[in-house]
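S.K.: One letter stands for each residue in the lines below.
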Amino acid sequence: MREPIFPVYNWITVRTGNTQKCKQNKWRELVKNIIMSEIIEYGEENEEEIELTAAEVLQQLEQAWLNEKFSPDLLECKVELVECMIDQITEMEENIKRAKKGDFKISIHRMEIDRIRYVLSSYLRCRLQKIEKYTTYILEQDKQRKEEEPCKLSQEEFTFAKEYAETLEEHLRNVALRHMPPNLQTLDPKQTAVKPNLEKYVFMKVIEDTDGVLVEEETLDTGEEIVDLQKGDQHIMRYKPIASLVSSGAVTLI
Amino acid sequence: MDPAEVEFLAEKEEISVVPNFTQDKIYLIGGDVGPFNAGLPVKVPLWMAINLKQGQKCRIIPPDWMDTERLQDKKQEETDSKFFTEMPSPHFMEITQLLLKCATDDIPHADEIRTLVKDIWDLRIAKLRSSIDTFLKSDATHAKLNYLTLMELNTARPFLTKALDQMHLLRSNLSGRIQSTQE
Amino acid sequence: MTSESVDDYFSISDILTTQERLPCKVELPIYRLGYLDSSSTSDDLQPGTKLDLSFWMARALCSRKRHIVSVEMPRPYREGYREILTADANVVDLHKLGPYYYSYGSQLLKFELPETADVAKSLIKCFQTRIRKIMDSSQNAYNEDTTKLTAKLDETEKCLFKAGQMGLNDFQRWETRQTEKLTTSEMVRSHRKRKRALMDDS
Chain A
12 MREPIFPVYN
22 WITVRTGNTQ
32 KCKQNKWREL
42 VKNIIMSEII
52 EYGEENEEEI
62 ELTAAEVLQQ
72 LEQAWLNEKF
82 SPDLLECKVE
92 LVECMIDQIT
102 EMEENIKRAK
112 KGDFKISIHR
122 MEIDRIRYVL
132 SSYLRCRLQK
142 IEKYTTYILE
152 QDKQRKEEEP
162 CKLSQEEFTF
172 AKEYAETLEE
182 HLRNVALRHM
192 PPNLQTLDPK
202 QTAVKPNLEK
212 YVFMKVIEDT
222 DGVLVEEETL
232 DTGEEIVDLQ
242 KGDQHIMRYK
252 PIASLVSSGA
262 VTLI
Chain B
61 MDPAEVEFLA
71 EKEEISVVPN
81 FTQDKIYLIG
91 GDVGPFNAGL
101 PVKVPLWMAI
111 NLKQGQKCRI
121 IPPDWMDTER
131 LQDKKQEETD
141 SKFFTEMPSP
151 HFMEITQLLL
161 KCATDDIPHA
171 DEIRTLVKDI
181 WDLRIAKLRS
191 SIDTFLKSDA
201 THAKLNYLTL
211 MELNTARPFL
221 TKALDQMHLL
231 RSNLSGRIQS
241 TQE
Chain C
46 MTSESVDDYF
56 SISDILTTQE
66 RLPCKVELPI
76 YRLGYLDSSS
86 TSDDLQPGTK
96 LDLSFWMARA
106 LCSRKRHIVS
116 VEMPRPYREG
126 YREILTADAN
136 VVDLHKLGPY
146 YYSYGSQLLK
156 FELPETADVA
166 KSLIKCFQTR
176 IRKIMDSSQN
186 AYNEDTTKLT
196 AKLDETEKCL
206 FKAGQMGLND
216 FQRWETRQTE
226 KLTTSEMVRS
236 HRKRKRALMD
246 DS
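Protein chains in written order, with the working numbering: chain A, 12 to 265; chain B, 61 to 243; chain C, 46 to 247.
Honestly, the hints are just simulated from the structure, not real lab data. Just so you know, even glycine gets a beta-carbon here, dropped at the ideal spot from N, CA and C. Among the hints, erroneous ones may be present.
Subject to a maximum C-alpha distance of 27 Å in a straight line, what follows is the list of computed DSS-like cross-link-like pairs (lysine-lysine) [stated by the list, open to error]: (1) C/Lys203 x C/Lys170; (2) C/Lys141 x C/Lys207; (3) C/Lys166 x B/Lys197; (4) B/Lys142 x B/Lys204; (5) B/Lys178 x A/Lys216; (6) B/Lys178 x A/Lys116; (7) C/Lys155 x C/Lys95; (8) C/Lys155 x A/Lys251; (9) B/Lys204 x C/Lys207; (10) A/Lys206 x C/Lys155; (11) A/Lys80 x A/Lys141; (12) B/Lys161 x B/Lys72; (13) B/Lys187 x C/Lys170; (14) C/Lys155 x B/Lys204; (15) A/Lys242 x B/Lys72.
Ranges of calculated distance between the beta carbons of each label pair, as one might list FRET restraints [as the list claims (entries may be wrong)]: (16) A/Ser118 x C/Gln64: 57 to 63 Å; (17) B/Asp182 x A/Glu159: 49 to 55 Å; (18) C/Ser235 x A/Leu183: 22 to 28 Å; (19) A/Lys80 x C/Leu73: 50 to 56 Å; (20) A/Glu177 x B/Asn206: 44 to 50 Å; (21) A/Glu177 x C/Ser115: 42 to 48 Å.
Covered by chain A, according to a simulated footprint, are these stretches of chain B (three or more residues, beta-carbon under 8 Å) [stated by the list, open to error]: (22) 103–117; (23) 145–155; (24) 219–225.
Just need the whole structure built from these sequences, with the hints factored in.
M.R.: Below, the structure is given as structure tokens:
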């Protein structure tokens, strides 16, 4: 497992300008290192190294939260972002415990922690809801995943999904299936799996210029429709044509 | 999304406050704020400004657009234009609500501002409704929504997305059908 | 609503939709099911017998592969009704024509009857015409009884009406700052009631 959580950065005791700066920089370095080590751990050598500050991690987590909230499909789990933020919060809470009572900074830090915790739990909860709804489909997709593709679920989510699927199956068997005629006692997952509707409409905002997005395939009475997405534009369209752009970060759901 | 969550996002916007205390920089996870010098304006996130204000630790400087004259002009512009005009802040509604609730004493002509912002909102919502109608009656399958703020989109979201989903289903009936007779 | 996810096996509205009945004509003798036709005394269902079957059953008996019965477009989707809808869809009581008018209509297209393309077009047109009224009525009714407003809507439209109401209500609650007040959750409240009822019983 990943060993070092970065050493205590004690914001309460830092007083003079110089040390402050130095500690701050050191702290940033450490955050970067954590993120990098995560990436090395999860990705392979060909993965680019990304350097991020805590603020950038938070920004990306918020982005991931909104994307997850509005996408009909389950997106790839941002394990690194979640873990990094949890570490940050834990760290900050430790600091708060050591702080002088009545320091007004405490309330500010607490408030920020509460805000981050809200985003974190809303993000994870939203994923759990989708996992519960589309369990069979999600597990089936994971089975068919090629080795080089990343798993959409975190380790914990995967365990949850499997246990949930088993419990549900058992429940259905006990409540209904075993009372059925023998030839109707099994459910065919091909028929019964609930799938997300990827044709659902979503609002999105363009982050990077992307030309030639095929929004509508050619049918007999209409030609195909291609749009150029310009940075900053907002659109409403079906999720499917832009699903890959959401994953790559070229657009974000709003 | 719950409007309270839209407000949550709006609370990340920066706003100037004049603190009545002095304090070194605060190193938040989301970035540094401060240093604070009593009497000198400093930029902080809105959520923090509200917290400070509630603790009577600062005075809030309203954003420049929160001014009766500017809002009058904006209202006129919105009335004259067939399309949506660009708002001075992507979160104008939420910021107005929050500031008028907790910092009324820092905002000159607060009541007038409340009315003006509400008028602009109503104008835009009426426009939004007729655009939705036109959009749904047309054969268009997607639309550009520039200059609409998140709160506006969010209010229209449940109805608009469901209506379009349904339109898509009914349309694919037709195209699926034509394809299958061609087979 | 049906558009929540595609082909949801467990969707109640999908089950209800597919058990709507439609007129069928028996093409081949069906043995020992004569009792399904109350006007006949024969043991078997004879070719030529007309009877109404649920969609799911009709679908199993009438397809490209199998032709045990032939089906007819149910009346609300036939030309006469389509003309009424073209004239002014807004005044029609769609709920009366079928509580699942759109989704059932979409299902019926699978039979590939000659008027199928016209029905599909009529469904789109009808939806497009009625949508404005649904949107407006859902946006203008705040805190009032809406049963009257939705009485003439089919289930899909009712769903849309509810969605419109949700957008409005959530915003109004936020604007009047009612979201800030914490309230007892419905579950906790009814849980307490249940507990009390249990105690009263004992």
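S.K.: Just pull the numbers of the violated hints for me, sorted ascending.
M.R.: Those not satisfied are hints 6, 14, 23.
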